[in-house]
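S.K.: Chain order of the listed sequences is L and Z.
Number 61 in numbering that gives the first Met the number 0 belongs to position 62 of the first sequence; there are no gaps in the numbering.
Number 49 in numbering that gives the first Met the number 0 belongs to position 50 of the second sequence; there are no gaps in the numbering.
Read the hints as simulated data drawn from the structure, not as lab findings.
Quantities reported herein were computed from a predicted structural model and do not represent experimental measurements.
Misleading hints may appear alongside valid ones.
Said to hold, decoys possible - Just so you have them, the derived chain L footprint on chain Z, three or more residues with Cβ under 8 Å:
id, segment
1, 144 to 155
2, 206 to 215
What the hints assert, rightly or not - Short derived list, chain L residues pointing at chain Z, Cβ under 7 Å:
id, residue
3, Thr-98
4, Asp-121
5, Pro-360
6, Pro-364
7, Ile-371
We put the beta carbon where it would ideally sit given N, CA and C, even for glycine.
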Amino acid sequence: MKGLFNSTQSSENTNDEHSESVTETDNSTEPTPPEPDTSSSEFIQSPTPQNENTGTHFSIGIDLGTTHCVLSYVDISDLEADEREQHVLQIPQLTAPGTIEDKDQLPSFLYQAHEAEINEGDTALPWTSQPDFLVGEIARNLGSKTPIRLVSSAKSWLCHAGVDCKSAILPTESPEEVERVSPYQASVAYLQHLCDAWNQQHPNTPIREQEITITVPASFDPAARELTAEAARAVGLSNATLLEEPQAALYSWIEKSDGDWRNHANVGDIILVIDVGGGTTDLSLIAVTEESGNLSLTRIAVGDHILLGGDNMDLALAYTLKAKLEKDSKRLEPWQIQALTHACRDAKEKILSDNDADNIPIVVPNRGSSLIGGTLRTELTRDEVNSVLIQGFLPDIASSEHPVTRARSGLRSTGLPYAQDAGITRHLAAFLTRQLNAVDDLAGISLPENASFIHPTAVLFNGGVLKASHFSERIMNVLNSWLSTEQAPEARLLSGLDLDLAVARGAAYYGFVRKGKGVRIKGGTAASYYVGVESAMPAVPGMPPELQALCIAPFGMEEGSETDMLDDEFGLVVGEPVRFRFFGSKIRREDTVGTRLDYWTDEELEELDEIEITLAEDGRKAGEVIPVYLCASITEVGTLELQAVSTKDEGQWKIEFDVRAGDED
Amino acid sequence: MNNTQFQINLELIPTTFDAIHAYLAATVFGLALTVIILLFMLLIGAMRKTKQPEQKIADNSEQAISTKIPKREPEVKIVEKIVEVEKIVEVEKIVQQPAPEPIILKEATPDAALQLLSLLQTEARFIDFIKEDINAYNDADIGAAARVVHTGCNKAINEHFTLTTVRSEQEGSKVTLPEGFNAAEIRLTGNIVGKAPFTGTLVHKGWLIKNIKLPKLTQGHNANIIAAAEVEL
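Put together the whole structure using the sequences plus the hints.
M.R.: Printed below as a string of structure tokens:
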């Protein structure tokens with residue numbers, strides 16, 4: 000009996016032994032597997048450390064997701080090796096107080112436990128007896144019953160304008176007494192957990208010496224990217240590079256196809272990557288062109304940050320069932336709705352991937368020890384799933400129909416800016432229409448004259464939600480119906496991804512690509528950036544001065560490149576912080592450095608958080624005015640960096656993104 | 000008020016979760032067999048000693064077998080069928096051992112068993128279900144609860160155990176067992192005569208655990224608490 004419940008390691012031993020010993024007598028000469036020491040701390044020494052040579056070099060991809068984190072790695076010490084095995088790190092994490100399990104995914108949740116809630120020593124991890132924060136499965140489990148102490152979706156906050164991501168604001172709606180953390184701190188905590196897990200399993204190849212790629216949503220603004228890079232630096236990953244998630248998914252597809260992808264992608268293809276995760280929807284367009292006889296990939300456009308995903312769907316189903324139950328005059332308590340949401344997730348997946356399952360019974364058991372009495376019973380039918388999810392989230396609309404926006408009613412300052420329109424297809428239509436001109440600069444790709452939106456020729460899906468075949472089919476059908484109204488050929492589906500792990504795997508593969516192997520997706524920045532300057536006009540009483548947008552970084556700046564804006568000087572006062580309004584545009588591709596815009600529509604330019612420059616006093620007189628010009632560069636990490644450079648001397652000052660004053664509320 | 004709980008109710012015998020019960024039954028049966036065989040062999044040994052005292056070696060080796068039998072206990076495989084010990088005696092290969100030691104029975108650590116129960120309780124409300132008096136409810140209510148238990152058990156088992164079948168053939172089909180087949184994996188029943196290869200009908204395909212991934216426990220964690228009491232503030 001004992002052997003049965005040993006650690007994984009010894010159970011494998013016993014299995015080997017079993018397969019070898021056909022006859023009974025062999026057993027007597029076989030050494031028995033060593034017995035685990037049940038009393039010592041050996042119990043928490045989870046997965047056996049790998050004893051790689053110190054010379055081994057890994058490329059590590061970290062998918063720092065809104066709901067889950069995954070770490071994937073590949074050995075790149077021999078770049079010429081034919082066989083390259085991708086691994087996914089088993090992440091030891093607490094699942095309940097005192098219980099540690101290894102899992103592929105680390106749920107991106109953080110729980111601020113009350114001191115009386117957990118016994119001392121019950122939060123030990125293989126690498127520390129007392130972690131700073133509870134993260135992972137335990138945080139999600141405890142938080143599901145005590146939401147006031149749960150920090151979730153920290154990543155979405157990073158990209159939330161008007162919030163200082165380094166101030167302790169999460170969880171937002173909890174009593175004063177609960178200690179808060181900043182969204183930045185939460186990201187650091189998840190990264191720290193992943194690093195510790197790696198270092199414990201790979202003691203000879205510490206993580207800071209490996210090639211690290213961290214994925215971010217394509218829609219992340221410069222400030223959110225900078226915060227992610229800073230979080231990586233905070234845990235010692237100063238060499239980490241950033242990669243956009245849809246690109247990572249495409250890399251994973253390339254890696255999985257094992258060289259065969261060239262047969263599935265043709266010159267002139269426009270690949271639409273649709274990534275619907277637990278909390279966000281991310282869209283990107285990647286064009287396939289030819290360059291000196293080789294296929295080349297260019298990321299030509301990215302979508303907006305849409306806070307809409309699988310969690311919204313589960314919640315929508317739960318509320319449908321709640322309404323149904325209330326019709327039978329059954330009152331639901333909050334915990335029952337929570338359990339209902341959970342049950343809906345499983346039922347949804349079953350209905351959407353199994354054509355025979357038309358009704359899935361949903362049972363919410365009583366919380367007490369009596370399981371049978373007090374059970375809440377209902378069922379989820381295919382019709383409900385169709386009307387709520389398929390019609391609600393993926394409506395069959397015309398390509399001209401775009402998301403409905405209405406005025407926010409005071410919600411914005413306290414919560415995340417969730418998408419107001421749940422129709423993913425409407426967001427998709429808006430994105431494709433906005434990006435109509437995205438391929439204008441590319442040789443070899445042209446759209447028909449009458450096109451009203453950009454025509455994708457291939458689609459790559461990513462994200463756990465799209466595992467359900469009915470969802471992916473529906474999106475393909477809607478997209479193809481748009482294409483056929485414009486007499487364009489149908490888009491085809493690029494398949495073969497592991498939708499849960501693809502981003503991390505693709506990121507690990509990217510480290511290999513960065514070594515000059517395989518094809519690299521080009522693209523640079525997916526937006527152009529502007530600062531707001533007041534135009535030199537006589538002041539009109541009662542009217543704010545006219546604002547001009549001055550382009551400081553053009554579209555498509557590649558990593559390591561730099562622009563100077565010598566023509567436009569600003570006078571900055573030493574010792575006083577100076578703020579600029581800051582804008583980004585995902586569609587103005589033609590603007591060059593120094594372009595001034597007098598007028599723009601809300602569609603064209605999106606206002607980001609203000610940026611701030613403070614000229615340090617060192618060696619200068621406070622109050623002195625120094626003429627500077629602005630200079631933009633894309634670092635090797637993949638973040639945008641703005642600097643003010645003195646036109647008179649050598650002085651250089653960094654412009655901060657993450658000021659996020661939040662003073663508007 | 001309700002004296003049904005003191006009656007033996009045959010319906011109470013669980014029909015759905017027989018892997019564990021079967022294993023328990025198997026353990027009991029196996030131990031019983033061991034004791035019987037041991038006594039049997041001692042008897043034979045004593046009889047032979049009186050008739051042919053020079054055959055000491057064979058005697059010793061047979062006693063060695065009897066000490067070996069309990070060693071099969073800690074095997075990791077959960078094999079549905081019970082080992083037929085008599086079929087695997089190969090006298091000449093057995094290493095000589097000194098005087099027979101008392102029967103060695105390994106004590107299973109309770110922690111692992113407690114963990115499994117805790118997992119089944121957390122995921123499937125297993126203990127709640129087993130401890131509930133189901134006579135008071137109608138089949139529809141029990142059925143609803145059984146769904147919770149089934150879904151949860153399925154999740155817990157799939158997450159922590161890698162299960163395969165011992166035989167991949169369809170149940171009911173003809174199978175041929177070559178000489179030297181592993182009797183621990185396959186139990187012969189019915190008309191067992193002649194020599195291998197045996198041909199027969201596969202009645203049960205058997206279950207085999209390929210891999211186990213149980214949670215680890217922190218030092219000082221009390222595994223006896225398989226479900227904490229819950230107090231909502």
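S.K.: Indicate, hint by hint, whether the structure satisfies it.
M.R.: For each hint, the structure was consulted:
1. 144 to 155: With 5 residues closer than 8 Å to chain L, the segment 144 to 155 of chain Z meets the three-residue bar; holds.
2. 206 to 215: Coverage by chain L holds for the segment 206 to 215 of chain Z (8 residues, Cβ < 8 Å).
3. Thr-98: 5 Å, holds
4. Asp-121: It holds, given that the least Cβ distance between L/Asp-121 and chain Z is near 6 Å, below 7 Å.
5. Pro-360: Result: holds, 6 Å to nearest chain Z Cβ.
6. Pro-364: 5 Å, holds
7. Ile-371: Cβ of L/Ile-371 sits 4 Å from chain Z, so the hint holds.
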